[in-house]
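Just so you know, the protein sequences line up as chains A and B, in that order. Each residue of the first sequence is one higher than the last, beginning at 1 in this note's numbering. Each residue of the second sequence is one higher than the last, beginning at 397 in this note's numbering.
Keep in mind that a hint or two might mislead.
[Said to hold, decoys possible] Just some of the chain B residues that point at chain A, by a computed CB distance under 10 Å:
hint, residue
1, 429
2, 436
3, 445
4, 465
Think of the hints as simulated: they come from the structure by calculation, not from any bench. Virtual Cβ for every residue (Gly too), placed ideally from N, Cα, C.
The primary structure of each chain is shown beneath.
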Amino acid sequence: MKSKGFSRRDFIKTVGITTALAATGTVPPLLYASERRFVTFPEKTELLLLTSSPPQLETPLKYFRELITPNEALFVRWHLSNIPTSVDLATWRLVVHGNVDTPISLSFDDLKKFEKVGYTAVIQCAGNGRSFFEPPLFGGQWLNGAMGNVTWGGVRLRDVLKSAGIKTGSLEVVFKGLDKAALPATPGFQKSLQLDKALEDDIIIAYEMNGQELPLLNGFPVRLVVPGWYATYWVKSLSDIEVTDKPSESFWMKTAYRIPDDPCGCVEPGTAPKKTVPINRMTTRSLLINPEDGSRLKSGQPIELMGVAFSGGYGIREVLVSIDGGMDWRPARLGKDLGRYSWIQWFYPWQPAKSGTYQVMVRATNSIGESQPLDGLWNPSGYLLNTIERHNLIVT
Amino acid sequence: MKTTILLCIAVSLVYTALVIAGDQGFVKEGTRRSMTLPAAAISLKEGPGKDTTSSYCRICHSLDYITTQQKFPKARWQAEITKMIKTYGAPISEENARIIADYISAHYGTGG
């Protein structure tokens, strides 16, 4: 569908849809999905290929019909090309050092001696949905498949930090994995958390995904899990934890993964923010999963719309559905509640009486009243996307 | 002789049990997990600057990092190439940066 000299903008003009509508997700998937091909990487089922090295693989929407995303279907996103392709637990160690009383080096068995904890949490890439931004942006052109809902098992980061003894005056905790850049001049990937954040109850070093060991592509043997926050902090193949007494000067905290410092994390499309902060908690989202955008339905035949909704750690209070482009909104039935970090499924029975095109919209609100904007949210890196989607269902 | 054959069978059975060779290049062998990633299968469109673009960009990433982007004007691509040099340390001379920007904007950008 997309050919030389034919941009998404041209497409939008051609069909006479406003730019505001383009940001909602009804137009681009047709264009980009047509360019994508399926690939099978180690320990993975067929996923949509974004890039092969460093690998970026996207989960097809059909997997989100289930409450839990299978390990083999979870998206993949690495930053640097030398990713760990072989790990031996016999020699693997997790080191904790820096501003601590006793630096420690833990084997996989040592790590498993800490109390085991777990929960279900949404993992979502900061740039999920970036391809829907208008004006368009550089970066991974994700549709909505850079997310998943996984039951994580592991040990509390706090317990591990305390076993090394955090010295007074400590400010941050820095996390590094086994991945390396191709060039020495490229900044090595690392992320930092403020000490008080790092000591929160629910941050874990996970060695299990849905009761199984992690696939290598998702960070075997352990990765950090910061539930409610974007996956950029969930450092894969975690091998090095450093407690520091000064703020991080790393490229990946000071330059990359930053959002406008205002309540919406957004700016006027095409403009630069005056001040930025590191990205953090996820915005509230809801998605229609089935039937997919553009599906054809029969009038008079009852169906059930379904999808998922989640927020940055505050659960979901309500999901409203509109089948008439946002005029009338009615509550959806919510599925099984797996806790505040998990997504929840929503269901909406519907029997279209007349033929025609129906614009379906879904809007979620979390337990502290955070919801989704009607108009396109925009920032220069393509993060935080949670604009209310508009899907067309064609009834004949 | 018979003992040797039995021993061989036993060893191979144990080996099979230890090595669970998944398809698609994943191998689980004792405490070790290994994988072989599929080769990047993308090639760029023919045109002046194609080889320069391929050889430099591929140092750090597969070429689909170019081909999956949306269409941008040349100035935006120049800024992106500058970021690759200044931020990520790509060893690209000014002249080669010009060749790459010309090539990408002509074949994968808006041209201007």
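Right, here's what the structure says about each hint:
1. A cut of 10 Å between beta carbons decides the hint on residue 429/B: the least distance to chain A is about 6 Å, and the hint holds.
2. Here the hint on residue 436/B is kept, as its CB sits about 4 Å from the closest CB of chain A, short of 10 Å.
3. Against a cut-off of 10 Å between C-beta atoms, the interface hint on residue 445/B is violated, since the closest Cβ of chain A lies about 16 Å away.
4. Interface restraint check for residue 465/B: the shortest CB-CB distance to chain A comes to about 6 Å, inside 10 Å, so the restraint holds.
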